[in-house]
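There are 2 protein chains.
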Amino acid sequence: MNSIRVFAPATVANVACGFDIFGFAVANPGDQITLTTREEPGVSITDIFGDEGRLPREAERNTAGIAIQTYLQHIGRTDVGIDVVLHKQMPLGSGLGSSAASAVAGVYAINELLGRPLPTVKLLPFAMEGERLACGSAHADNVAPSLLGGFVVIRSYNPLDVIRIETPASLFCTLVHPDIEVNTKDARFILKNEVSLKNTIIQMGNVAGLIAGLMTPDYDLISRSLVDVIIEPVRAILIPEFHEVKQAALDNGALGCSLSGSGPSMFALSRDIQTAERIGQAMQQAFLSVGITSDAYVSDINKQGPKVLESSVLS
Amino acid sequence: MNSIRVFAPATVANVACGFDIFGFAVANPGDQITLTTREEPGVSITDIFGDEGRLPREAERNTAGIAIQTYLQHIGRTDVGIDVVLHKQMPLGSGLGSSAASAVAGVYAINELLGRPLPTVKLLPFAMEGERLACGSAHADNVAPSLLGGFVVIRSYNPLDVIRIETPASLFCTLVHPDIEVNTKDARFILKNEVSLKNTIIQMGNVAGLIAGLMTPDYDLISRSLVDVIIEPVRAILIPEFHEVKQAALDNGALGCSLSGSGPSMFALSRDIQTAERIGQAMQQAFLSVGITSDAYVSDINKQGPKVLESSVLS
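Same order as they appear, the protein sequences are chains F and R. When we follow my numbering, the leftmost residue of the first sequence carries the number 1, and every step to the right adds one. When we follow my numbering, the leftmost residue of the second sequence carries the number 1001, and every step to the right adds one.
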């Protein structure tokens, strides 16, 4: 009986201006998964902790389960039997890439357990199947950074073209998750199908500035580029006190602040851990001023992707 | 009597995916300007060569003239008297940044002639006034690369935020100007005011890929990113044989090929001068197959901006 326990990081998709094409991974929070081999072929979810009973237990309806199943089919190992225990360590439907972290943890773990038949980057399509299940489309802006670590551009989906962007040395992330829920599908539904050419140009300028700012690195340029004129103005409506919370982050030294993915969580970037902590307190206080409690996570950027926490593998 | 002769480079605006936010300068062609001081205050265009009599001779209606006048007003030196001779060395209305090169040459020359009271980057707004005269709006995607050299992002116009992107070592440009004319205002008029969100996302992915490709450098990534799904499909209609000419460039080793600015000139990038030459011949041949003659320019990227060719300054 072999077993492995893997951590995969939460992620911030979009990163203000980069709707659907950009994301990064954080050191904390993240999900953990434990896989244990068994004799009977197939994938079973034997337990899920931390989801308050809300996630499906059937493997083919669970993001981690489907990712592992799709992977085993692809490598022709449907003979393998796997018991899965999922340890959710972040809120669901939060905009923190919860489903992506579980899918990435699952597919990374099974690949490790089987002696790494595929290189890490080749695991992406299987994790994306988990996203298809969770969100209705196989988007990659959470799974790619969760799997590869750091900042990742999804240049194209057809064919899939994923580019890692070097992470600046001094960059910290504050995540604040207010205790309200926004459904990812709703958050997408309210977006307009058309964008003015004027706003497209402004957004492209900020995307170019953000990539250049990260790669130089030029923190002022990063800050000036963390501006979203297309998505944020629409989705902010779903978050009570959005503008006050954002202003609290900026007033306390954030390089920028916007929705994390489709929200309701909000992220802020800053240059040191003390600033990141102070930003978190200010953002929480702003939410609390209208009676909304929240959780805050402060960490550096995850640069490595998933991590094996324990393994007991007999070859 | 002091005099100076300055060269300023032609430029490729947009660079496929970067409509209105991106451009680069080429080593050849470019415009030259000669300024000579005189006693009587004011700016006069005393001669223009190479324009077939088409450019206005009144200083306030000439892109170089207005750039110099605006500069002199700004630094409070309307006492200065200047005779201007303009040597146009590229076709007008060609998409090669002809008006920008003249304006940049003019404002760079007057600043040098007066002992450089302003640093080069501060000259940009005056050159942009030349563009306002020529095109109806003070756009910067030609003047900024002509003035600063290399690849330049215009992240924002309000406030003006211009970012230089490092030029990869092995990059060459082929420019082909067919003997047809497209008016810049017409080329802008046919654009749609709305863009689908889907195409905005594709374009943002390519902008991110192009910046990352140039900065890494990663020539394959540059190549994959030189794709324009928003502007090129509309403007290509104005250029006979556009798709055949582009295919000829790609078949002969181009990393990418698209309109230079609003056309009708087309640019192609490649990794060595022999390939760049071959691409030029193939593009010209494709135009010639439908009876369109053309001029081709092959050069490396201009990395320095304008250059003083001669000066005779008594202090």
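Honestly, the hints are just simulated from the structure, not real lab data. For each residue, glycine too, the CB sits at the ideal point set by N, CA and C. Keep in mind that a hint or two might mislead.
One side of the interface only, derived from the structure: several residues of chain R facing chain F at Cβ under 8 Å [claimed, not checked]: (1) E1052; (2) C1135; (3) I1163; (4) V1195; (5) G1209; (6) P1233; (7) E1277; (8) V1308; (9) S1312.
DSSO-like cross-link-like pairs, simulated, lysine-lysine; straight-line CA separation at most 30 Å [said to hold, decoys possible]: (10) K198(F) <-> K1307(R); (11) K192(F) <-> K1198(R); (12) K1122(R) <-> K1307(R); (13) K185(F) <-> K1198(R); (14) K307(F) <-> K88(F); (15) K198(F) <-> K1192(R); (16) K1088(R) <-> K122(F); (17) K1192(R) <-> K185(F); (18) K192(F) <-> K1192(R); (19) K192(F) <-> K1122(R); (20) K88(F) <-> K198(F).
Results for each hint:
no.: 1; hint: E1052; result: 34 Å, violated
no.: 2; hint: C1135; result: 15 Å, violated
no.: 3; hint: I1163; result: 6 Å, holds
no.: 4; hint: V1195; result: 5 Å, holds
no.: 5; hint: G1209; result: 4 Å, holds
no.: 6; hint: P1233; result: 13 Å, violated
no.: 7; hint: E1277; result: 30 Å, violated
no.: 8; hint: V1308; result: 29 Å, violated
no.: 9; hint: S1312; result: 40 Å, violated
no.: 10; hint: K198(F) <-> K1307(R); result: 34 Å, violated
no.: 11; hint: K192(F) <-> K1198(R); result: 11 Å, holds
no.: 12; hint: K1122(R) <-> K1307(R); result: 17 Å, holds
no.: 13; hint: K185(F) <-> K1198(R); result: 16 Å, holds
no.: 14; hint: K307(F) <-> K88(F); result: 16 Å, holds
no.: 15; hint: K198(F) <-> K1192(R); result: 11 Å, holds
no.: 16; hint: K1088(R) <-> K122(F); result: 54 Å, violated
no.: 17; hint: K1192(R) <-> K185(F); result: 29 Å, holds
no.: 18; hint: K192(F) <-> K1192(R); result: 16 Å, holds
no.: 19; hint: K192(F) <-> K1122(R); result: 39 Å, violated
no.: 20; hint: K88(F) <-> K198(F); result: 42 Å, violated
When the structure is compared with the earlier hints, violations turn up for hints 1, 2, 6, 7, 8, 9, 10, 16, 19 and 20 and for no others.
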